[in-house]
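Required output: the full structure, derived from the provided sequences and hints.
Protein chains in written order, with this note's numbering: chain A, 12 to 126; chain B, 728 to 837.
Hints listed in this document are in silico derivations from the structure and should not be mistaken for laboratory results. Among the hints, erroneous ones may be present.
In silico EDC-like links for lysine to aspartate or glutamate, alpha-carbon gap of 20 Å or less [stated by the list, open to error]:
hint, chain 1, residue 1, chain 2, residue 2
1, A, LYS33, B, GLU768
2, A, LYS51, B, GLU783
3, A, LYS51, B, GLU736
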Amino acid sequence: DTEVTQTPKHLVMGMTNKKSLKCEQHMGHRAMYWYKQKAKKPPELMFVYSYEKLSINESVPSRFSPECPNSSLLNLHLHALQPEDSALYLCASSQEGGLAPETQYFGPGTRLLVL
Amino acid sequence: GQNIDQPTEMTATEGAIVQINCTYQTSGFNGLFWYQQHAGEAPTFLSYNVLDGLEEKGRFSSFLSRSKGYSYLLLKELQMKDSASYLCAVASGGSYIPTFGRGTSLIVHP
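Below you can see the structure in the form of structure tokens.
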């Protein structure tokens, strides 16, 4: 199983809503990532969890709150988002989390629209 | 930081060969990745180069020259399904987590 799953596929939310994005992998990977990708732009790293601990936060606004309940699950809690936060949010996983050359496996993404 | 540059868009004909170039400037180079991303889908890994030279994998090959800060992805026998964005990504510093370039949108015509 080399699959990373993400739910929901699409999400529309208002600026006062609270929602969560979910990501799951069963490859035994110890590192999980959140990326944000705007149209026709490259994925931008937001957070990295390694061995269930937050190892990288790329100065992401606090309205985005990541959570790693266990090594297979990664959540992104959203609160008071702005329209400019509308984007494709990609989850990825890898074996070790950037300590050695390794492949990242990406999920299909959640397409988020903030109204 | 890193400066990764690749063409925005390329077109090619089915059955032909296309070369997508990527140049980069970075310190503490830890390798260069190529990913393929179809519209609305997740990026998928194509190749990883850390040493100079050509790596061949079926119809796809990737080349790296560290001294020139240059890589290319070569796609042979192009198929319509190869129409996608091709992302060059560089790992540097103390990490192997890549930073992505803007991507090259490849359009394959019949």
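Structure-based check of each hint:
no. : hint               : result
1   : A:LYS33 / B:GLU768 : 17 Å, holds
2   : A:LYS51 / B:GLU783 : 28 Å, violated
3   : A:LYS51 / B:GLU736 : 11 Å, holds
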